[in-house]
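Visitor: Fit chain B to the known structure of chain A by using the hints.
These protein sequence lines map, in sequence, to chains A and B.
The first sequence runs 1 to 150 under my numbering.
The second sequence runs 1001 to 1172 under my numbering.
Calculated directly from the structure, the hints in this document are not laboratory data.
Cβ coordinates follow ideal geometry from the N, Cα and C atoms, glycine included.
Careful: at least some of the hints might be erroneous.
What the hints assert, rightly or not - Straight-line C-alpha distance at most 27 angstroms; calculated DSS-like pairs for lysine-lysine:
1. B/Lys-1018 <-> A/Lys-8
2. B/Lys-1018 <-> B/Lys-1164
3. B/Lys-1164 <-> B/Lys-1038
4. B/Lys-1150 <-> A/Lys-8
5. A/Lys-101 <-> A/Lys-126
6. B/Lys-1018 <-> B/Lys-1035
7. A/Lys-8 <-> B/Lys-1038
8. B/Lys-1038 <-> B/Lys-1150
9. B/Lys-1164 <-> B/Lys-1150
10. B/Lys-1134 <-> B/Lys-1150
11. A/Lys-8 <-> B/Lys-1164
12. B/Lys-1018 <-> A/Lys-91
13. B/Lys-1035 <-> B/Lys-1134
Said to hold, decoys possible - If you want the footprint, here are the derived chain A segments under chain B, 3+ residues with CB under 8 angstroms:
14. 14-25
15. 29-36
Stated by the list, open to error - If you anchor each label on the Cβ, the simulated ranges turn out as follows:
16. A/Gln-9 <-> B/Glu-1136: 16 to 26 angstroms
17. B/Asn-1091 <-> A/Ala-86: 42 to 52 angstroms
18. A/Gly-102 <-> B/Ile-1083: 54 to 64 angstroms
19. B/Asn-1090 <-> A/Gly-147: 45 to 55 angstroms
20. B/Thr-1082 <-> A/Ala-86: 30 to 40 angstroms
21. A/Ala-86 <-> B/His-1085: 31 to 41 angstroms
22. A/Glu-90 <-> B/Glu-1117: 41 to 51 angstroms
23. A/Glu-116 <-> B/Lys-1134: 52 to 62 angstroms
24. B/Val-1119 <-> A/Lys-91: 34 to 44 angstroms
25. A/Ser-81 <-> B/Asn-1090: 28 to 38 angstroms
26. A/Ala-86 <-> B/Pro-1065: 37 to 47 angstroms
27. B/Ile-1083 <-> A/Arg-19: 55 to 65 angstroms
28. A/Glu-90 <-> B/Ala-1142: 26 to 36 angstroms
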Amino acid sequence: MSQPDLLKQPFELGFTYTRSTGPVVGRFLTGLRNREIIGNRASDGRVIVPPMEYDPVTADALDEFVPVSDEGVIVSWAWVSEPREAHPMEKPFAWAMIRLKGADVPMIHCVAAPEESAVSTGARVKARWVDEPRGYITDIACFELMGDAS
Amino acid sequence: MSDEQDVITDIETPIYLKYNFTAGLAPSRFLTQLKNGKLTGQRRAEPDAPVYVPPRGSCPASGMPTDEEVEVSDKATVQSFTIVHIPIPNNPIQPPFVVANLVADGANISFIHLMSECVNEEVRIGQRVQAVWKPEEEWDYAMDNIRYFKPIDEPDVAVDMIGKLPVTGLEE
Chain A
1 MSQPDLLKQP
11 FELGFTYTRS
21 TGPVVGRFLT
31 GLRNREIIGN
41 RASDGRVIVP
51 PMEYDPVTAD
61 ALDEFVPVSD
71 EGVIVSWAWV
81 SEPREAHPME
91 KPFAWAMIRL
101 KGADVPMIHC
111 VAAPEESAVS
121 TGARVKARWV
131 DEPRGYITDI
141 ACFELMGDAS
Chain B
1001 MSDEQDVITD
1011 IETPIYLKYN
1021 FTAGLAPSRF
1031 LTQLKNGKLT
1041 GQRRAEPDAP
1051 VYVPPRGSCP
1061 ASGMPTDEEV
1071 EVSDKATVQS
1081 FTIVHIPIPN
1091 NPIQPPFVVA
1101 NLVADGANIS
1111 FIHLMSECVN
1121 EEVRIGQRVQ
1131 AVWKPEEEWD
1141 YAMDNIRYFK
1151 PIDEPDVAVD
1161 MIGKLPVTGL
1171 EE
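If we strip away everything but chain A, and leave its shape as in the complex, we get (with noise of 0.2 angstroms):
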């Protein structure tokens, strides 16, 4: 019996998930087709975005949504250097915890920058949209540095 050459062979293996939403983030996600970041204030009168279904301290079930801007400050970050096929930029970029205006706790989204030195904490950021939102995360393309970080 000969030794036949070993075969090898790339292979992808799907899942082709649909998620349900739930009210909650339905009308997040709802928003970013809109073009509006929304969140929602929480019994001790913070606003969280993205919204939460349940009062983080209280439990009960929040229901007062609030459009925040699509303007922030940047509260911590990480630069990746090195972009893998899953990221959302494909050059270096950073991921940030960002607080947006009108809202309490950040949300973390991808900040396009040049450099690594560009970005700092306190750095304000925009929101840059894609052409045809359709309802996801992904609507933002990335967060954009302002130009004028205190």
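Guide: The following block gives chain B in isolation, referenced to the frame of chain A:
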């Protein structure tokens, strides 16, 4: 602006896992023979050792290498089967269709393949079938060189004899 009817209720969140699959020595051997239009298994080099199709390179009972190659028939017996009624995403085969565990003559374990040219309601354990091959110029390193198995006019095999038939029909 959206009204209430427009509120998003679900989103598509597919996950794709990309592999480079390496078949391993024994399956590579099996697939290389399949490209030549032959179904082959392997067994330990001992009298009466069971024949595994497709081979994995070792005997699951003893852990010993299966270093003897055995050609088996493209005639087989239905060991078990299911009729699929629910469409599978991205699968071009339209339900209802039959998927069966088949034991080739000369083999001692089953493999899974499609059955066609059959009356689904008449498919049964012990039924005799034979491979319908693609045209030779389309043969590749793939089990779908065999399009499907179809019933043949031979008597059913008794349940306790399934997986114990000698190889026949290799006279060509």
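Visitor: Which hint numbers doesn't this structure obey?
Guide: Violated hints: 2, 4, 11, 17, 24, 27; rest satisfied.
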